[in-house]
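Enquirer: Now for the letters of each chain:
Protein chains: 2
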Amino acid sequence: MKLLEDRIRREGLVKPGNVLKVDSFLNHQMDIALFNEMGKEFKRLFPSEKINKILTIEASGIGIACIAAQYFNVPVVFAKKSQSLNLDGEMYVTKIESFTHKRVYDVIVSAKYLGQEDHVLIIDDFLANGCAVAGLIDLVQSAGAVVEGVGIAVEKGFQEGGKLLRSKGVRVESLAIVDAMDERTGEIVFRKQ
Amino acid sequence: MKLLEDRIRREGLVKPGNVLKVDSFLNHQMDIALFNEMGKEFKRLFPSEKINKILTIEASGIGIACIAAQYFNVPVVFAKKSQSLNLDGEMYVTKIESFTHKRVYDVIVSAKYLGQEDHVLIIDDFLANGCAVAGLIDLVQSAGAVVEGVGIAVEKGFQEGGKLLRSKGVRVESLAIVDAMDERTGEIVFRKQ
Chain A
126 MKLLEDRIRR EGLVKPGNVL KVDSFLNHQM DIALFNEMGK EFKRLFPSEK INKILTIEAS
186 GIGIACIAAQ YFNVPVVFAK KSQSLNLDGE MYVTKIESFT HKRVYDVIVS AKYLGQEDHV
246 LIIDDFLANG CAVAGLIDLV QSAGAVVEGV GIAVEKGFQE GGKLLRSKGV RVESLAIVDA
306 MDERTGEIVF RKQ
Chain B
126 MKLLEDRIRR EGLVKPGNVL KVDSFLNHQM DIALFNEMGK EFKRLFPSEK INKILTIEAS
186 GIGIACIAAQ YFNVPVVFAK KSQSLNLDGE MYVTKIESFT HKRVYDVIVS AKYLGQEDHV
246 LIIDDFLANG CAVAGLIDLV QSAGAVVEGV GIAVEKGFQE GGKLLRSKGV RVESLAIVDA
306 MDERTGEIVF RKQ
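Protein chains in written order, with this note's numbering: chain A, 126 to 318; chain B, 126 to 318.
It should be emphasised that the hints constitute simulated quantities derived from the structure, not laboratory data.
A few of these clues could be false.
Note that identical chains are pooled: a pair holds if it fits in a single copy or bridges any two copies.
[Claimed, not checked] Computed list of lysine-lysine pairs in DSS-like fashion (alpha-carbon distance at most 27 Å, straight line):
no. : residue 1 : residue 2
1   : Lys227    : Lys237
2   : Lys317    : Lys168
3   : Lys165    : Lys140
4   : Lys220    : Lys146
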């Protein structure tokens with residue numbers, strides 16, 4: 126998606142440790158007009174009328190998922206990273222290792238909001254090693270629901286997540302795929318899509 | 126806001142410890158059509174053209190803030206509850222005690238996204254003891270920015286937060302104010318607005 130690639134090129138900062146900072150428009154400050162264009166693009170990429178729910182994970186997936194949901198006319202469920210006093214009853218739980226935070230989280234969805242009738246589009250801001258998405262897929266499958274696809278804003282194509290998921294037959298669509306980035310020059314190379 | 130009150134009456138669950146569960150539509154599963162009506166109402170309540178940014182806090186404020194931002198044509202910044210490896214440079218930091226999680230968080234906003242030029246509408250899902258909103262106001266004031274108002278989905282009117290903030294001259298508008306709730310009968314009484 127050219128609009129997103131251009132924005133990453135203009136405002137993205139390449140930091141040591143394979144970190145791409147896009148917090149001026151994607152995951153700290155959020156450009157809602159851009160999110161709307163991304164939402165339209167997700168709908169174009171996943172036109173299936175079967176999709177009846179979007180699943181994301183707190184925190185930075187939520188904004189993108191909510192704006193995108195307007196183009197699908199479906200509710201959003203966000204998986205929670207730690208057990209809240211407000212979550213009780215039956216839950217699906219999985220473990221996710223965060224690339225950014227270097228720690229393992231228990232990730233939880235209430236069984237009330239994910240079930241056999243659900244055809245789920247998973248949305249998240251970043252795909253790197255794929256741990257978060259793999260965990261979300263695990264939650265969907267635990268519920269007996271169907272993963273219709275995975276929509277990602279920025280994929281780090283030089284990490285294994287996207288390749289691994291696609292090799293398992295998961296339909297992954299990333300609006301921008303970074304194939305290389307150079308922390309010295311700041312150069313970012315996108316995969317042709 | 127009658128639409129929200131009706132929904133809380135229909136789906137809200139009163140739990141021991143003054144907990145009101147509204148996770149079927151507000152803060153776990155999210156009804157985006159309802160969020161749009163809430164966003165319109167926030168714009169009606171805060172018509173000021175000065176508002177150029179919405180500030181919220183992860184995680185459950187983000188969806189409401191992003192949808193509402195469409196009616197204000199402004200970006201959203203969400204305060205982060207713990208230091209991320211991806212946040213560097215100058216930051217504003219405050220401490221917030223969570224009613225739900227019974228713990229104290231460091232809450233952080235990058236100084237790049239909050240400054241003297243900003244007129245900020247704070248949005249969150251719940252207002253109870255007011256700690257989260259007080260922390261967000263502290264962040265805005267640290268940045269030399271102006272708080273134009275506070276928009277809340279559900280205020281627990283029987284806790285002190287709303288009263289405290291209003292007594293300090295902060296304009297707080299809550300779409301539903303619960304004045305009393307009974308965990309035995311499930312009855313919820315709303316303040317007339």
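Enquirer: Next, verify each hint and record whether it holds.
Expert: Hints and how they fare:
no.	hint	result
1	Lys227 / Lys237	between (30 Å within a copy, 25 Å between copies)
2	Lys317 / Lys168	within (20 Å within a copy, 41 Å between copies)
3	Lys165 / Lys140	neither (30 Å within a copy, 39 Å between copies)
4	Lys220 / Lys146	both (25 Å within a copy, 25 Å between copies)
Hint 3 alone, counting from the list given before, is not met by this structure.
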